[in-house]
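Each residue of the sequence shown is one higher than the one before, counting from 1 in the working numbering.
Bear in mind the hints are in silico, worked out from the structure with no lab data behind them. There could be a bad hint or two in this list.
Derived Cβ-Cβ restraints for the label pairs, each shown as a range [unchecked claim]: (1) TYR3 / GLY99: 29 to 37 Å; (2) GLY99 / ASN5: 29 to 37 Å; (3) SER79 / ARG2: 21 to 29 Å; (4) LYS4 / ARG96: 29 to 37 Å.
None of the values given here were measured: they were computed from a predicted structure. In this text, a Cβ means the ideal position worked out from N, Cα and C, and glycines have one as well.
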Amino acid sequence: MRYKNCLIIWLNYFNKELTRKEGRRIAVNKAIKNPTLNELIDILLSMNYKIIDAKEARYPSSWWVESGYVVIDKDSIASNESKRVILYKIAKEWRRRRGG
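Work out the full structure, taking the sequences as your base and the hints as a guide.
Structural data, given as C-alpha cells:
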C-alpha cells in the first residue's frame, strides 16, 4: 500500500544485531537488541506522533528477520524535524525505557 504525506519507521532501523546494509539506520552504540513493534508504538504515542498504521512485515534487505513498521502522519511532526532526528529521538527514549 502506498502512503501519502507520511513517514515509515521500520524496526530494523533500531536493531543492534543488524548491519547498516541490512537496514539499521542509527549508530550501533545507540541501537537496541530485539526491538518490538509494541514498544515502538508506545514510544511514538508517548512522543505525541499520530500513527496511521502499524504492521508486522519483513524489511526487504533483511527478509529473514521478523520485523514490522509504523506509519506516522507527517502533520504530527514538527516542520524542522528530519527523519534522522526523529529516529535518534526514538532511540534515545527506547534506551531510557530499557535502562540503557
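Structure-based check of each hint:
1. TYR3 / GLY99: 29 to 37 Å: holds, 33 Å
2. GLY99 / ASN5: 29 to 37 Å: Given about 36 Å between the Cβ atoms, the range holds.
3. SER79 / ARG2: 21 to 29 Å: holds, 23 Å
4. LYS4 / ARG96: 29 to 37 Å: Given a distance of about 32 Å, which is inside 29 to 37 Å, the answer is holds.
Hint compliance for this structure: every hint is met.
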